[in-house]
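There are 2 protein chains.
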Amino acid sequence: MKDMQRTVTCGELRKEYDGKEIILNGWVHKNRNHGGVHFINLRDKYGITQVVIDEDATQDLIDIASDLKFEYCVAIRGTVRKRPESMVNPDMKTGEIEVSAKEISILNKCETLPFMIEDESKANETLRLKYRYLDLRSTGMQNRIKLRSDVAYATREFLNGQGFMEIETPTLIKATPEGARDFLVPSRVHPGKFFALPQSPQLYKQILMVSNFDKYFQVARCYRDEDARGDRQLEFTQIDIEQSFVSADDIFKMTEGLMSHIFKKTMDITLPETFQRLSYMDAMNTYGSDKPELRFDMKLQDFSQFVPGSDFGVFKSVLESDGAVRAIVVEGVAPDYSRKKITELEEIAKQYGAKGLAWMKVKTDSFDGGVSKFYNNQYKEITEGLGAKENDLILLMGADWKTSVTSLGAVRKKLGDDLNLFDPKSFHFCWIVDFPLFEKNEAGEWEACHHLFSMPQDQYLDSMEENPGEVKGDLYDLVLNGYELASGSIRVHDPEIQKRIFSIVGIKEEEAMEKFGFLLESFKFGAPPHGGIAPGLDRLVMIMAGEDSIREVIPFPKNAMAMSPMDNSPAEVEPEQIEELSLKIILPKED
Amino acid sequence: MKDMQRTVTCGELRKEYDGKEIILNGWVHKNRNHGGVHFINLRDKYGITQVVIDEDATQDLIDIASDLKFEYCVAIRGTVRKRPESMVNPDMKTGEIEVSAKEISILNKCETLPFMIEDESKANETLRLKYRYLDLRSTGMQNRIKLRSDVAYATREFLNGQGFMEIETPTLIKATPEGARDFLVPSRVHPGKFFALPQSPQLYKQILMVSNFDKYFQVARCYRDEDARGDRQLEFTQIDIEQSFVSADDIFKMTEGLMSHIFKKTMDITLPETFQRLSYMDAMNTYGSDKPELRFDMKLQDFSQFVPGSDFGVFKSVLESDGAVRAIVVEGVAPDYSRKKITELEEIAKQYGAKGLAWMKVKTDSFDGGVSKFYNNQYKEITEGLGAKENDLILLMGADWKTSVTSLGAVRKKLGDDLNLFDPKSFHFCWIVDFPLFEKNEAGEWEACHHLFSMPQDQYLDSMEENPGEVKGDLYDLVLNGYELASGSIRVHDPEIQKRIFSIVGIKEEEAMEKFGFLLESFKFGAPPHGGIAPGLDRLVMIMAGEDSIREVIPFPKNAMAMSPMDNSPAEVEPEQIEELSLKIILPKED
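Protein chains in written order, with this note's numbering: chain Y, 36 to 626; chain S, 36 to 626.
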C-alpha cells in the first residue's frame, strides 16, 4: 500500500491543483459507464471526488474500473484537471475538477451490501445495528458522530478555560444495598464479592469537593441495568460537573456559559445570555409539565371561576374534592377538529390518569358541541376570561390537581407538534427551580423528591421538620425543548443537616452509613459547601441533531431489547468462566 | 452561606488590593497564636493567604479564631493590607499582603485528622487510600491530579487540532471465549447471559476505521481482572488512537507531535522533533531490553571473540550450544565494588534466568578477581576491544541468547540507578521497531507475539509461511525512560492475509469467527488499511510526575489487593440482588 498512499483527501482538490499528479484513497460511491467512459465517485471522510477513466486508458485500467463495485476500497493515482465550465458541479466541494486515472489499486473488495449507504439509511433498525459499521458510513451518522465529538470537545474547551479540572472517577465501585438498577461485576480475586458500575459519579464528585478540587468535571460513562423500555441505554454519558463554595446562581451562570459555547462552536447558534427561570409550580400550572416545551404559548388557564355558574356536575364535584379544573384555548382549529380528533387528544390525557377530556368550540356568540350547553350562559365571561375567540377550541380538564395539569399539559404538547406551532429547528432553554424537597409516597411516608443530598433553601432550614411538604430545595433542572437535559442541586455539606434530612425520610443513621458511609464520613473533615449539575450528553446531542432517539447519536448503541445486534452481547460464556467467578447460573423456571 | 461566599480565592490577593474588603473561603492550614495575635493560614485550591485577628478584634472574633482547628472549612470577611517590608514573604504568592479579619463563619468543622495534610502524606498507603479524600488535599496529590487533567486536555487539544474525532466505544461488550482476564457483567434482563468490560477498545476502533471515521481517538477506560500483582490496576486509561490509510511512519510522526505538545503544554519541556528508532534486535543486543533505559550508555558488548583464546570452559560450552557471551564495562567503579555488591548484581541476573554473573576488575596491566585468571593472556585485546580502562569493572554473562542479554540488561539498569548515571528528571523517548510477528510457545507451536491483527512487513508478505520466525511485523512500541509507554501496529485489513495468519498460528476459521466475528465480517465490506497506537495515560503521567507507582496519579486507585479501602469494594451484596441476576454464589472450598 505504501506507494499508493493518499497524497490528498477526496474533499480537498480545487482548480488550483490543475495538472498535478495525486493519489486518492477511498470508497467507490458511484461507478457509471457513459458511452465507454467510467465515472467513479470516490468517497472518503472528507468528501467525494469524481475520477474519470478516459477513453484512451489502457485496457487493464478499463478492466479494473469495470470491476469496481459499491464500497470497494481503492487507491487511485491520477492527474487533476479542471472541468469544462459546463460540467462544473457547484453542489460538490470538488466540483471544479475531476481526476483522470492512471492507476487503480484495489485495497479491499466489498461483498454485496445488506443495505445501500445513503445519506440516511432506510434499512430497519435491527439491520442498521447489526451492520453498524456500514450504517456509520452514511452521511447522517457521520455528521451526528462528528457533532457529538465536537460537543464533547467544546465542553472540555469551555470548562478547561473556566478552571475546571477533568478528573476520572472509578467505575468499579461499591454496590448500594438498594441499587436495584446497579450492574454488578463479580470479582474473580475475591470470591463472593462484587463491584458495581456507577449510575453516576455522584458520591465521587462530592468526595472531590471534600478533597479541595474546587471545580470538577468529567464526561462520564454511567450505567443503569434497566428493563428495556423507551429510549434508555444501559450505558450513557453525562457531563458531570461539581463546584465548591457556590450558590445555585453560580451553577446557572456556568451552565448558561457552557451551553452558549457549545451551541456557538458547533452550530454557530447564539443562545440568550441567561435562560428563563420558572418555578416548579409555575411550570406545572402554566404548561402542565416540569419539562415544559416553551417554543409555543397555549398556556393552561384556571377555569374554576366558571364552574359554580354552570350545572355541569362533574367539575363541581372535582372542585368540592379539592381538585382543579384547567383549560387551554386552541386557536382557530374548531372547524378542523372533528370528534375523532378530539378523542385522540382525550386518549393522551387518559395516559396521564385523566378520566376524560371536556371540550367546546367557540362560535360567534355561543359555544358548540361537547359541554357547550353547560356554559353558554357564561359565553361572554368565559371567552373574555380565557381570551378565546370565534373558531377556537376550548379543552377542559377537571381532576385532582396533578392529573389535571399533567394530562392537559400532555394534550398541549401533542397539539404543539400536530399544529406545527413552533420551529422544530429552534432551541429554547429554561431552568425549573423551587422544586419541593420531600414528597409523600403511597404509604404516606416522606421521601426525597430528588436525592438525599440536596440542600433545603435557606428560609426552610430552621423549620423543615414542621411541614416537610412545604420545603423547597436548592434543586434545579435544565430543560431544553421539552426534554429534561440536566438535573442538579446545592448539596448538603453539613452532617447535622444531613442527619435531619435522613430523619425526616425515616432513614436510620446505621442504614445511612451502610449506604453512603465514606461520603458521610468525609463530611466530618471540613467538607465545603458545594453543588453541581449533570447534563446528559446523549440527549443534548440528540436534541441538537434534531433526532428523536439517542440511538441516533451513539456510535454503538444497544437496541430496545438491551442487546447489541452487532456483537450479540450479552451472550452465554464458557462454564469455566462462571466457575472461576465462584458463581453458578440458576435459570428462572419457565412459567 | 450566601452572604459569606468568597469574593476572591486564597491565591490571588496582591498588594494592589490594599484596603479592599474581601471574603475568603477555605481551610485552616495553620493557626498560630503569637502573643495574643492569631495568624491563620487559609488554604484553598489556588493558594494560601495569611489572615490576622488583630489585638483590637472583638472577643467573639478572638474566641472563634481560637477554636479553629486544622482543616476547619471557614469563610472569612476582612480587609486586605500590605505587609510591612520586613514581613513580606517572597515564597508565597500572596506574601505581599495579609487580611485583617472582621468576621469568621465556620462552614464545617473537622474531626481529628488520621494524618497530617502535608505536601506529601507520610502515612502508610492503606491509611492514605482509606482517607483518600484527605490524602488528595496534599499539594503533591493536587499537583499530580492537575498534571493528569492537563495531560488529558493537551492530548485532546492536539488530536482535535489534527482532525481526530473522539468517539465513545461501548464498555458493555461481548466476552471473548478465552478472555480469562475479562470482567464479566451479568445481565439482569437476559438471565444466564453476560456482558464483558473491554480490555481495550481494539475491535471497536478497527470497526470505526471500517466505518470511514479516518482518524479516531478516545481517552478510554479499560479493564483487566488480574490477580493483584505489581503496579497494575483493575481499571486503567489509555489514549486510544487509530487512523486509516497510514503507514507506521505516519503513526510515529503523529505520536511524536502528540508527546511534544503534551510535554510543552504541561511542563514546558521541548522534546526532539523525531524520536530515536531501534530495532527489537538492536535494543535487545545493545541494552538487553525491548524497553531500554537510554538515558545512559553502558552498552552490552559481544565477548564471544575472546572466548576461544581462554581456558574458561563455561563460556566455551555456552558458545558450543549456540548461546551468547556478553559484557558490560562499568566505568571506574572497580575499587568500590566489593564481592558483596557484585553478588547483589548477580541476584538480579538470576531473576532473569542466569546461572551466575562472571566479572573481573581492570588493573593497570592485568585483570583482577573473578574470572581474571582466564583472560589475563588477552588483557590488551580485551581492554581495547571493550574500551575498558584501569579501575573499570567488567561484567560477563554467558547463557542462551535471550537469557544472556536480558539478564545483563537488568544488571545494566540496576547499575544506572545505583550509580546515578542519568538525570532522573530528564525524558528520553525511543521507538522499538521490527518486532518478530510470531514466536514459538513451549509446545513448539507458532503464536502471535503481539496480537493476531498486526500486518507482516511488506517484504515478508509473499512467503511468511516458509519461516514464520523470521517474519517482522509492522509493529512498534514507544518507550520512555525504560517503560513501555505504548504499543501499536499497522493492522491486517485484508481477509486473505488474516486467514493466512490464523492458519500459521493454528486457529480455525470457525474459531476465529466465534472470537472476532463481527470484526472479520466487517472486513468483507471494503475495510481500509489502518493502524494505530495506544499510550497508557496512567503510566505517562506517572513518568512525567517522577513517580514509581501509577497509584500516585490515579485519584481513587485500588490497592495491591485489588480492593478499595475507601468504599470497601468489592463487597458482598444482598442475596436478592444475586438472585435477580439468576446467579448463585458457590464459594470455593477452603483447603
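Because the hints were derived from the structure by calculation, they are not lab data. There's no promise every hint is true.
[Said to hold, decoys possible] To list a few chain Y residues with every Cβ distance to chain S over 10 Å, as calculated:
1. T93
2. I99
3. A231
4. R330
5. K534
[Stated by the list, open to error] Among chain S residues calculated to face chain Y with C-beta under 7 Å, some are:
6. I141
7. E146
8. F150
9. Q197
10. E201
11. P205
12. K209
13. V224
14. F229
15. L269
16. H528
17. I532
18. D602
19. A606
[Claimed, not checked] No farther apart than 35 Å at their CA atoms in a straight line, the calculated lysine-lysine pairs in the DSBU-like style are these:
20. Y:K448 <-> Y:K437
21. Y:K157 <-> Y:K300
22. S:K104 <-> Y:K550
23. Y:K543 <-> S:K137
24. Y:K55 <-> Y:K157
25. S:K228 <-> Y:K619
26. Y:K288 <-> S:K228
27. Y:K300 <-> Y:K385
28. Y:K228 <-> S:K228
29. Y:K408 <-> Y:K460
30. Y:K507 <-> S:K137
31. Y:K559 <-> Y:K228
Glycine included, every Cβ here is placed at the ideal spot set by N, Cα and C.
Hints, verified against the model:
no.: 1; hint: T93; in the structure: 24 Å, holds
no.: 2; hint: I99; in the structure: 15 Å, holds
no.: 3; hint: A231; in the structure: 8 Å, violated
no.: 4; hint: R330; in the structure: 30 Å, holds
no.: 5; hint: K534; in the structure: 14 Å, holds
no.: 6; hint: I141; in the structure: 9 Å, violated
no.: 7; hint: E146; in the structure: 5 Å, holds
no.: 8; hint: F150; in the structure: 11 Å, violated
no.: 9; hint: Q197; in the structure: 12 Å, violated
no.: 10; hint: E201; in the structure: 5 Å, holds
no.: 11; hint: P205; in the structure: 5 Å, holds
no.: 12; hint: K209; in the structure: 4 Å, holds
no.: 13; hint: V224; in the structure: 5 Å, holds
no.: 14; hint: F229; in the structure: 5 Å, holds
no.: 15; hint: L269; in the structure: 6 Å, holds
no.: 16; hint: H528; in the structure: 6 Å, holds
no.: 17; hint: I532; in the structure: 11 Å, violated
no.: 18; hint: D602; in the structure: 4 Å, holds
no.: 19; hint: A606; in the structure: 6 Å, holds
no.: 20; hint: Y:K448 <-> Y:K437; in the structure: 16 Å, holds
no.: 21; hint: Y:K157 <-> Y:K300; in the structure: 30 Å, holds
no.: 22; hint: S:K104 <-> Y:K550; in the structure: 29 Å, holds
no.: 23; hint: Y:K543 <-> S:K137; in the structure: 40 Å, violated
no.: 24; hint: Y:K55 <-> Y:K157; in the structure: 39 Å, violated
no.: 25; hint: S:K228 <-> Y:K619; in the structure: 12 Å, holds
no.: 26; hint: Y:K288 <-> S:K228; in the structure: 46 Å, violated
no.: 27; hint: Y:K300 <-> Y:K385; in the structure: 43 Å, violated
no.: 28; hint: Y:K228 <-> S:K228; in the structure: 19 Å, holds
no.: 29; hint: Y:K408 <-> Y:K460; in the structure: 42 Å, violated
no.: 30; hint: Y:K507 <-> S:K137; in the structure: 32 Å, holds
no.: 31; hint: Y:K559 <-> Y:K228; in the structure: 28 Å, holds
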